[in-house]
Amino acid sequence: MSPEWMQGANSPYSKVLVANRGEIAVRVLQAAREAGLSSVAVYSQSDSSSLHVETADESVLLEGGGLDETYLNGSAIIEAARSTGADAIHPGYGFLSERADFASAVDAAGIRWIGPSAHAIETMGDKISARSLMIESGVPVIPGEQIPVEEGADHLGALASAAAKVGYPLLIKASAGGGGKGMRSVSVPKNLRSEFEAAAREASAAFGDGTVYIERLLKRARHVEIQVLCDTHGDAIHLNERDCSLQRRYQKVIEEAPSPAVSPATREAMGDAAVTAARSVGYVGAGTVEFLLASNGEFFFLEMNTRIQVEHPVTEMTTGIDLVQKQFEVAAGLPLGISQDEVTQNGHSIEARVYAEDPSRGFLPSVGELAVWRAPSGPGIRVDSGVREGDSVTIEFDPMLAKLVVHAPDRGSAIRRLDSALSSFVVLGVRTNIDFLRKALSHGAFRGGSIDTDFLDSTDPSELSGSEPDHHTLVAVAAAAQRLGIDRQQTPGTEALDDHTGHQGDPFRTLGRTFP
Amino acid sequence: MEWSVPDRQERYKASLQESEGSVSVASITRDGTEVNIPETAVEAEGRPGRVIVTVGGEAKLAHVTRTGDTWWVHMDGRAHEVLFHEQGGRSPSNEGSLGAPMPGTVLEVLAREGQRVREGQHLMTLEAMKMEHKILAPRPGEITKVHFSEGDRVDMGSSLVEIGD
Chain G
0 MSPEWMQGAN SPYSKVLVAN RGEIAVRVLQ AAREAGLSSV AVYSQSDSSS LHVETADESV
60 LLEGGGLDET YLNGSAIIEA ARSTGADAIH PGYGFLSERA DFASAVDAAG IRWIGPSAHA
120 IETMGDKISA RSLMIESGVP VIPGEQIPVE EGADHLGALA SAAAKVGYPL LIKASAGGGG
180 KGMRSVSVPK NLRSEFEAAA REASAAFGDG TVYIERLLKR ARHVEIQVLC DTHGDAIHLN
240 ERDCSLQRRY QKVIEEAPSP AVSPATREAM GDAAVTAARS VGYVGAGTVE FLLASNGEFF
300 FLEMNTRIQV EHPVTEMTTG IDLVQKQFEV AAGLPLGISQ DEVTQNGHSI EARVYAEDPS
360 RGFLPSVGEL AVWRAPSGPG IRVDSGVREG DSVTIEFDPM LAKLVVHAPD RGSAIRRLDS
420 ALSSFVVLGV RTNIDFLRKA LSHGAFRGGS IDTDFLDSTD PSELSGSEPD HHTLVAVAAA
480 AQRLGIDRQQ TPGTEALDDH TGHQGDPFRT LGRTFP
Chain P
12 MEWSVPDRQE RYKASLQESE GSVSVASITR DGTEVNIPET AVEAEGRPGR VIVTVGGEAK
72 LAHVTRTGDT WWVHMDGRAH EVLFHEQGGR SPSNEGSLGA PMPGTVLEVL AREGQRVREG
132 QHLMTLEAMK MEHKILAPRP GEITKVHFSE GDRVDMGSSL VEIGD
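Residue numbers (our numbering), protein chains in the order written: chain G, 0 to 515; chain P, 12 to 176.
Since the hints were derived computationally from the structure, they do not count as laboratory data.
Cβ coordinates follow ideal geometry from the N, Cα and C atoms, glycine included.
There could be a bad hint or two in this list.
[Said to hold, decoys possible] Derived pair list, reagent style DMTMM-like, types lysine to aspartate or glutamate, alpha-carbon separation capped at 25 Å: (1) P:Lys71 with G:Glu297; (2) P:Lys71 with G:Glu214; (3) P:Lys156 with P:Asp166.
[Stated by the list, open to error] Here are the computed distance ranges between Cβ atoms for each label pair: (4) P:Ala70 with G:Ser186: 24 to 34 Å; (5) P:Lys145 with G:Arg192: 56 to 66 Å; (6) G:Pro378 with P:Glu31: 51 to 61 Å; (7) G:Asp56 with P:Ser35: 29 to 39 Å.
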């Protein structure tokens, strides 16, 4: 039985399988429960007692060891949907969410795919095809030129004229590339030839295709993205921007909405460009168009993410729109039910990603048991997490433990609220980046709203590490705790309080120790 | 029992006084030298893993827990680790038996059954995560049992060596 709100929809469904794990699986499974949909989780052996399995109505084990046999095993996941009678699949983010062939296979199996078409995923997933489509559609892209490398051809003339058009400093990128391979920056013309040859060599070796393109290197740019929502009836709107400029090696660390660097005019222009981009591929569902925003206010298309984003909550907090619920509605064929004019922006929201990693050791993932896990709560505080106290953190999966999201009337109070929430987030047993997040948040450049995407990588680490703690007090506390026998297995908290002192000290035990 | 903090060489010892569920710190030594600290007391707050720490008259809540040989302390909005080192790995629950302070591999065995050892004598070396850890005799006595030989894997807390009088 599909839920009541789906009545009248042209492609209703009633049971959603979530092809993911961790916090996003929990988020989507909770949304399914709220929406009156039955839910199915899939899990690997090592996730058998994880929170997302507990959150689902039923669950299916994906047998095997590596990711290819489990969360990346499209046919096993479709089989799990068949065997449980799930008639829709939500992919979350990562894993199979941007695999066009999986979207097609789900479709071919007669299962509703909660996402855009395979065509949209494929077009936007390829840098070159996305870029040429954007140029065709009039969406600004970073000035650049593609240069094919043919054996024996004299490409240096073409290279020099392309470089002159693009302007310096510039970036040479492998067309087929990713992960920084085949990527070179060139600041002056005399290095162009050698860097080009190195990039083409690297690209050939890594991707079997030496084609490169060059584009202008934007310095001091911010990462600003627009959330779009499109339905199957041809409606497309945007839900304003998110600013994700606080990054560490291209990994987002803190995201916020609205951006402190986006004016109403820029928001409108960027929003229009994002909607144009989405329409150009016939996009359906929730998606994100990423832009680089230059310091002069110019912005350029970076890429489109054809799935729900990690940082989607900051948009939900400021617009009041539940994006996962909207994904459910659109997948059922329902209209958006909201027009561009009805999209509001209320207050300010910031998200911090809490990772099991050790900032003092080059952000290496840390492992262990979450012996104590006390997430903060209070007005305007939201924690999206896939773990709970007692869970083990292993190196098998992404080390993100939780997203701590706050909402407050303005940016200053949102920063204060996030800092306060981080300070009361108690995670013991595994090292985390919580302290690092607090330092980044309190840095003058972030507070002033003037950071760019290089900020974390170019800032002296000492500015972002905590002051040396008072070792003597820490030793005193640990030694005393050990003497008091405070441990998880035998906490004194389970004993009755002493009537006279209000403390748990047992007079007989104390006497016993004093007079052995 | 000695204490240290991660990435630091200093070893600390704490001398404690306990009364009515509260522990006050009489003195702390760093590498054998007493250090000046403000008056510090710790009492159980009543709920699991929570203590009230009073430093120089100011009381605050801290969360504490133990994993292996690490005490985790969350205080003033930050999490910290303190490592304890049982000299010689003496296990309080099993008098005369030396427990492994960490899981690992036995690298060398220097003690043999029937041997008389003095306090602090090096009996065994464990290795875990590429770090070596010496097992020292907690007191003088005669070795009555050696439970492992070189290359054996040991779990944390396994009895390594037993010492009689």
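Item checked: Hint numbers not upheld by this structure, sorted from lowest to highest -> Structure breaks hints 1, 2, 4, 6 and 7.
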